[in-house]
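Heads up: the protein sequence lines correspond to chains P and E, in order. Take 1 as the starting number for the first sequence in the numbering used here and just add one per residue. Take 1 as the starting number for the second sequence in the numbering used here and just add one per residue.
Treat the hints as calculated values from the structure; they're not laboratory data. Possibly wrong hints are sitting among the right ones.
Which copy? The list can't say, so a pair holds if one copy fits it or any two copies do.
[Unchecked claim] DSS-like cross-link-like pairs, simulated, lysine-lysine; straight-line CA separation at most 27 Å:
hint : residue 1 : residue 2
1    : K194      : K532
2    : K104      : K575
3    : K104      : K400
4    : K207      : K24
5    : K400      : K532
6    : K532      : K575
7    : K194      : K400
8    : K194      : K207
9    : K575      : K194
10   : K104      : K194
11   : K500      : K194
12   : K207      : K500
13   : K104      : K532
14   : K400      : K207
15   : K575      : K24
16   : K104      : K500
Protein chains: 2
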Amino acid sequence: MAQLRIALAQTNPAVGDLAANADKLVEWTRLAAERGAHLVVFTEMFLTGYPAEDLVLRSSFVEASVAAVEDVARRLAEEGLGDVPVVVGYVDRADLAPRVGQPKGAPLDAAALLHRGRVVTRTAKHHLPNYGVFDEYRYFVRGDRLPVFRLHGVDVAIAVCEDLWQEGGPVAVVAEVGAGLLVVPNASPYERDKDDVRFSLVRRRAKEAGCALAYVNQVGGQDELVFDGDSVVVSASGELVARAARFSEELLVTDLELPEARFGGLGTFQVDAGDGTVITVERLELSSSPVEPYEPEPPTIAPYLDDTAEVYAALVLSVRDYVAKNGFESVILGLSGGIDSALTATIASDAIGPERVHAVLMPSRYSSDHSLGDAQELVARQGINARVVPIADIVSAFEKEIELSGLAAENLQARVRGMILMGLSNQEGHLVLTTGNKSELATGYSTLYGDSAGGFAPIKDVLKTLVWELSRWRNAQAGTSGDFLHGFTVPPIPENSIEKEPSAELRPDQRDTDSLPQYDILDRLLDDYVEKDMGSAELVAAGHDPDLVARVIRLVDLAEYKRRQYPPGPKITPKNFGRDRRLPITNRWRETAR
Amino acid sequence: MAQLRIALAQTNPAVGDLAANADKLVEWTRLAAERGAHLVVFTEMFLTGYPAEDLVLRSSFVEASVAAVEDVARRLAEEGLGDVPVVVGYVDRADLAPRVGQPKGAPLDAAALLHRGRVVTRTAKHHLPNYGVFDEYRYFVRGDRLPVFRLHGVDVAIAVCEDLWQEGGPVAVVAEVGAGLLVVPNASPYERDKDDVRFSLVRRRAKEAGCALAYVNQVGGQDELVFDGDSVVVSASGELVARAARFSEELLVTDLELPEARFGGLGTFQVDAGDGTVITVERLELSSSPVEPYEPEPPTIAPYLDDTAEVYAALVLSVRDYVAKNGFESVILGLSGGIDSALTATIASDAIGPERVHAVLMPSRYSSDHSLGDAQELVARQGINARVVPIADIVSAFEKEIELSGLAAENLQARVRGMILMGLSNQEGHLVLTTGNKSELATGYSTLYGDSAGGFAPIKDVLKTLVWELSRWRNAQAGTSGDFLHGFTVPPIPENSIEKEPSAELRPDQRDTDSLPQYDILDRLLDDYVEKDMGSAELVAAGHDPDLVARVIRLVDLAEYKRRQYPPGPKITPKNFGRDRRLPITNRWRETAR
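Please take these sequences and the hints and turn them into a complete structure.
What follows is the structure in structure tokens.
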């Protein structure tokens, strides 16, 4: 057996900022070297950030990425770090003639091995995901290599992200050619319960490949995606060896005892990959002798995060990163006294600190007494900035010029509020947070350019029943502080905001249940229709009330345009009404018509 | 040689409305039969409409499509039309076990041959486009068949749309196995100059396949896409035989003299497709003897449409279909006296008639005298509905509650106008047309939730210089009427709106050139940066002023969020800022920083 100390750099890159990402690579490699690591592995497309979308179809961007990986290899050597091999993801291009159906410039979702000032070898993702939020046939051509490099007597193979998820390809070839360790850079976005799926997968692939597996995942918010980290190392038998924290950057350093490489020549040869393709295996050697035996450090195993804590952390991280990465210093939101805006404000306080959160209380002629009171109570408990802007006179000014009634008059009030927030945002530079939840977004229970106005929608993917659950959970954390919890000593959300009956307060005595079913019934139906894509017959067979099925399907289908105009927000489910669910606006398909 | 009369059904289906599309299939087949056609060919995915996007991932939808194709085959026979073979596109599914990376339910972009009450054979698109606006690896698995059916002694092969565009696959196999005619159902969206590319391609593929080729394309607006028809028939040597009109439904009936089928057995066999795959050829026979010789009808060749007329027709058709297919009866828009809203109003009048167009004139304290006058002049010339809603008092009501200055105050005025339009839309049921042009959209020279509010944006993909060109062109058509021209006897656009210097009129003496370069310079630069994806070095090398390059790139890159919130509008260029250009919002890549 041979020892290796590997460092997994679970990092939060900035999409497009190649210089900053390269600086971070050098900095983290130095930290890893200081801790005696023999190998450092960064995430998928770390140098460019992931996903870079249509940037990879710009030749200037790909050229910059290729130059950046070569530059950083040189720079590591210049700064005395050239002896530590580094595996890092970036964007390269394949040497293919242009043809119809192939992405322009033939980009590759590549990984490089850097050593002693040089890019020693390059590989690229073989399986391209093109489902859910992924569109990788648009962006990349597939890689067809498997590098296996000998490091201190251990054979180390490199594969990229999706190559773990699909059958055949480079991971299947590892089993055939043999390796002591498989390292896998990833950018695998968060979804509830995905950690369990991912961990089972990693264990299974380690056993199939017959070697230890080091899985390093990106962390951080990038538009609608939240990357949760959760990097792991497992043994060849699939046992957990080490695990990094969720939702936080971490350099996970782990000592492994690995089988020494069998005798085998260097150079390239071809292997059938079991998926109709042929993989070129490249064997190369950085160093042949095992390191001197040393005392291993105890491995790090980050504590388990329960489901509610995990969702809350995802929301907080996504807000924090959206604000920072887009250059904002502060946020502004309308505080109604209701639970949606209360939870959104609390997430914002936890993300960037209450001193950078600005609330606007905008009572109307229909606001109840408790509304202003509950909003003011939240302001007092959290210490956020607040002002009151009554909307009645502005609404009257509109009504003097145009005659509006019914829903049009209700929408007007919501739009006046949206305009006040946008005006203050433009004037003072805050990012507007939109406070709508997923139950509203699904059914179209919101006003276009009204409560749906803004730059980021933190609870866009949170059903109303989960809004309440998260609020109660957050209040129960009062007195503790941490990466995702500002140290409020009292429960930050007024109990009355949680307990009272939901109302939009756009007409006298309005209740959400005037327009919608009870939320527990609605949310179960939405989950089956939206997430599980059940048809109307299936929904009825699953026990939902037939009339309600017809009514809710109609509401959901007709709200498609509104949802398209909604700001982005963190994805925590398979279908967050973002890039993961794409329906025509002009759509005459009606489940209920059959 | 053997004669065949073929009918190409260049139709405008409704996405999702299987029943209406099936009715249309029967109706058009009857028309074709009445004209003595021996074969009718409908467009790609005609029964479901194209593109159906994530609908194809719903099993209830795919089941409905499969049932619909079988139903309609029976219905044709019941209605006495069973003897005319019909080729029609629909969605089917492949019999494949689920696996990661394969679209759920394994949908196929299929085509069926219907005859005597039965679906005689089925095939599916082999090459899946996944570039530009296409995401077909998300939706479909690839087909691997080539049906060749003998009809009155002629072998007729079927391939689908993209199979013409890419090398290898079914079309390559046609050359090898031999056929007298290749029929190709398509849904190929319009772009400027694409007709020439498409025609060259069809000619080339006919020559390669060694047989006549009948190309039938969808027509009509579907969200951002406009399908232009332009169906053609070419001979085996690539000569034009017949061509349908652009942008209109048409049953193109053409008599062909085709080689009689060589002797050859029926059944299936496999052929290497030249693209790394194997295609199963299925030979079947509907009828073996040539028809009795008859006098052919002279072929139809639709007249050529010049580039400006073509763009204008695309815009008019897209507005007409968006309004009708979404169930609106009328449109509303703000009329400023400027050229963008003037052209948008004119397109709307041409699309649905001036009596269904509602204009709102919303003068502010900064509106110049000529603004209201020019708007009123347009109203008088076109006879559209109009009202005046001054915004000064509403703006003052806002300013009493919150203090706004500079850009924030300018945005406020634009937003008050947007709210008035949305309020009237909600109250009276009109669709709001957004009047912004592509030069504004590219540079972010617009107000989020202000002038960008609305449901459809007819000139979203039209650069300012083209706005002027289209306006002059439209005025020159005064006195003529047609499918895309309401019969205005005077030029519908006031000359002053075309000639005067552009201004947003949001502050005293404002000019577009305070913020933007001259439009002729700007538009050339936008074309190179946005459409051609040139990097900053390339732009400078192409002769653009370096300072302007830096400034405009910055404007374009920072406007990404605004563009995402913009309504859909007809695509007439490779990059209309819709699904054809996908960039992260959180994006720190700066061409100019290099």
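Cross-check of the supplied hints:
1. K194 to K532: within (16 Å within a copy, 39 Å between copies)
2. K104 to K575: between (29 Å within a copy, 14 Å between copies)
3. K104 to K400: Neither. Shortest intra-copy (56 Å) and inter-copy (54 Å) distances fail the 27 Å Cα cut-off.
4. K207 to K24: Classified as neither: same-chain Cα gap 33 Å, cross-chain 57 Å, threshold 27 Å.
5. K400 to K532: neither (47 Å within a copy, 49 Å between copies)
6. K532 to K575: within (9 Å within a copy, 33 Å between copies)
7. K194 to K400: For K194 and K400, the Cα distance exceeds 27 Å both inside one copy (54 Å) and across copies (51 Å).
8. K194 to K207: Result: close within a single copy only, 20 Å intra versus 52 Å inter.
9. K575 to K194: This pair counts as within: shortest intra-copy Cα distance 14 Å, inter-copy 35 Å.
10. K104 to K194: Between copies only: 18 Å across, 33 Å inside.
11. K500 to K194: neither (33 Å within a copy, 59 Å between copies)
12. K207 to K500: Answer is neither: 52 Å inside a copy and 73 Å across each miss the 27 Å cutoff.
13. K104 to K532: between (35 Å within a copy, 11 Å between copies)
14. K400 to K207: neither (73 Å within a copy, 69 Å between copies)
15. K575 to K24: neither (33 Å within a copy, 34 Å between copies)
16. K104 to K500: neither (55 Å within a copy, 41 Å between copies)
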